[in-house]
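Peer 1: Here the protein sequences come in this chain order: A and B.
So for the first sequence, my numbering puts the first residue at 1071; every next one is plus one.
So for the second sequence, my numbering puts the first residue at 64; every next one is plus one.
To be clear, the hints were calculated from the coordinates, so they are not data collected in a lab.
By construction, the Cβ of each residue, glycine as well, lies at the ideal position given by its N, Cα and C atoms.
One thing to keep in mind: the hints can contain errors.
[What the hints assert, rightly or not] Heads up, simulated DSS-like pairs for lysine-lysine below, C-alpha to C-alpha not over 27 Å straight-line: (1) A:Lys1164 to B:Lys501; (2) B:Lys259 to A:Lys1150; (3) B:Lys501 to A:Lys1256; (4) B:Lys344 to B:Lys403; (5) B:Lys299 to A:Lys1256; (6) B:Lys201 to B:Lys501; (7) B:Lys201 to A:Lys1150.
[Said to hold, decoys possible] What the simulated footprint calls covered on chain A by chain B, stretch by stretch (three residues with Cβ under 8 Å from a Cβ of chain B suffice, anywhere in the stretch; the number is not a length): (8) 1139-1149; (9) 1283-1289; (10) 1341-1351; (11) 1355-1361.
[Unchecked claim] Computed far set for chain A versus chain B, every beta-carbon distance over 10 Å: (12) Arg1160; (13) Gln1236; (14) Gln1237; (15) Leu1260; (16) Ile1261; (17) Gly1262; (18) Ile1292; (19) Arg1294; (20) Phe1365.
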Amino acid sequence: MTATAPPRQAPEAGPGSSKTAAGRRLRPRAIERLRQIGLPYLLLLPALIAELLIHIVPMFFGIVISFKNLTLFFIRNWSKAPWAGFDNYRAAIKIHEPIGQALLHSFWVTLAYTVLSVALSWLLGTAAAILMQDSFRGRAIMRAIFLVPYALPAYAALITWTFMFQQDTGLVNHVLHDQLHVTSNKPFWLIGDNSFWAMVIVSVWKSWPFAFLALMAGLQNIPRELYEAAAMDGAGVWQQIRKITMPSLRPVNQVLVLVLFLWTFNDFNTPYVMFGQSAPHQADLISIHIYQSSFITWNFGSGSAMSVLLLLFLLLVTAVYLLFTSRKRGDADA
Amino acid sequence: MRTSSTSSRLLAATALVAALGLTATACGGGSDSSGDKSDPASLKGQTITYWASNQGTSLDNDKQVLTPELNKFTQQTGIKVKLEVIGWADLLNRILAATTSGQGPDVLNIGNTWSASLQATGALMPWDASAFTAIGGKDRFAPAAIAAAGAAGKDPAAVPLYSMAYGLYYNKKMFSDAGIANPPKTWSELVDDAKKLTTGGHYGLAVEGSNGSENIHHAFVLAKQRGSDWFDASGKATFDTPANVAAVKQYVDFIAADKVAAKGDAEYSQNQTITDFATGKAAMMMWQSAATSIKAHGMSPDQYGVVPVPTQTAGATGDAGVTSMVAGINLAVFQNTKHKAAAEALVKFMTSTPEQKILNGTYGSLPPVKEAQSDPAFQTPDLKVLASVLSSSAAPLPQVPNESQFETLVGTAIKDLFADAAAGKPVTDDSVKAALTKAQQQMPAS
């Protein structure tokens, strides 16, 4: 059909075209058009393939596995693993039975850890960013020092913290107990109740520089005149922060808090390096819990079901958060 | 002009896609043209991959120990070996990934307690009678070591390579200073002695409280001495039987009730126990084949003695007389290997009597090959004790597919109980039972 396109509709007439007109005429116009329209898609193809291979396909298989009874007996050929229906999900959400109970406990621990870590990181980041806003001698050095925890390789930093938290020989107890005499005996940080707090401390130390960095960038966009005008009108520092800085930082905060929440909720490195493969009950974060449920006990079906539930929860949180913050922003704009 | 630039862009994009496609194919793993032929001459020039576990003081040290031996193998057979030493923290995950993908090494070391679990996956080549004949026969190996190479009644999933056993290590000077003439034979003697030795910042005993595997090994022996197992005949978990509760409580009580081990031990997971023993902070420890590590910490062999781990009553025999698990490393052939004959040749070499003497001699372990055991290197006082433990009073950990779950769940439960003890919370029969019941309920049904 396209091959019968009338020759006079052939595109591109220019100098010398009459000589090659015969050849041009044969080139179907639709193919030419397809080529032009198709090019952007062709250029997108590598990204699409990469996205498929790296994200979509593994996610798809993860979801499929969550409906399978994939234990060590089938890992060599997991397509042969029997279908489990919703059994893995049922086991995970039955909160009165051991597996569900353990998962729920882990969920609450993770939620508390995330809320505390994000809140403290944000608070520290904001305070530091505001303090660093005005130029003073040594500001650049201070900024650089503040960013060190963010720049350090996670493993090296975490293992150092683990040494510092050791009960007998650690620096933390040396300072608290031996030097300052704050505690009557040397507390344990890596086992028992304090393990949760040790983990929060490390997490805040690790993530506040990111909050600082993001907020510092956000502060650059606030015009100085606003502060000057407010000062002229008699606004104090607190009023300036409340009425100018905070509202101006809203878009940055919206993304920052969400990203910190997602990162912290999924944090694997911190508990894994600090506690090894079996975290203390009090610090049993969900990422480690799922890792144990799949890689240590070789029950990938159950682990995948828990991962899917985690994904659904985080999607829900993200959706509600974005809806809520966007609406508030819309209200504020209006 | 526009057409030509469009064409070149198109060409570039196509090339990019093609390149990506090629990369993806490359990731899919190469194929191997060299077939599996058992004719020794045809094995020449083949290259096999060997994953070794960390037996020496570091991964590099292992490389230094193994490379000259593997070079000998290459000289003898013409088979090249690509060696990779993998730390214990990663080894099982690497094996798991290899099992799932089918792309793995040809020969690999496994912890012998993993034998039944890995056997259940089908990832390892079963060692049937003819395979054993090719390496000199099953009879060459100590029966206890073979028993820890797979589930009973099945062809072993691996071949014993290094054997180890637990012994009670004691500091001779600290004992004589405290007026204790002989090392303890029963647990009550051990606690009595340890109480005498616990003074002025020194402790009678050191335990590795946060190391799940160590916890399991001791709980296993203490339960066995009470005639109790962790799984019934059908492979079902029986963690919270009264005897198992008593066994775990006895172990945790070293910190909780007897107070003969430092509270800080509850946190140990990096072999700090050996450091404490070698530096005189603790007078006793129960450890497996620790000579090399103790020496590395500066304590000479004449400063300590080794005896079998105590029993409930003196001179107990049978299950009551079990003083150690059968510890050790097995050598396996990956089922998916494309060089089966070459892989078997390496196993034959590594389990040959001369190599067994060299390797076990270097690592301070015991050769599971009986013929090699008479070598003078293994006639030191400590190794003689451990060899006798291995041959007469050691039992393999449960050889069931769910062994790794058992290690994780019960190991963690004991770690948490130690944490309670260290924090001064009471550790009672009820709290131990509750912890073990919870662990048992999380076990898969099979």
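Peer 1: Next, verify each hint and record whether it holds.
Peer 2: For each hint, the structure was consulted:
no. : hint                  : verdict
1   : A:Lys1164 to B:Lys501 : 15 Å, holds
2   : B:Lys259 to A:Lys1150 : 60 Å, violated
3   : B:Lys501 to A:Lys1256 : 30 Å, violated
4   : B:Lys344 to B:Lys403  : 50 Å, violated
5   : B:Lys299 to A:Lys1256 : 42 Å, violated
6   : B:Lys201 to B:Lys501  : 40 Å, violated
7   : B:Lys201 to A:Lys1150 : 34 Å, violated
8   : 1139-1149             : holds (count 6)
9   : 1283-1289             : violated (count 0)
10  : 1341-1351             : holds (count 5)
11  : 1355-1361             : violated (count 0)
12  : Arg1160               : 14 Å, holds
13  : Gln1236               : 7 Å, violated
14  : Gln1237               : 5 Å, violated
15  : Leu1260               : 5 Å, violated
16  : Ile1261               : 4 Å, violated
17  : Gly1262               : 4 Å, violated
18  : Ile1292               : 43 Å, holds
19  : Arg1294               : 46 Å, holds
20  : Phe1365               : 6 Å, violated
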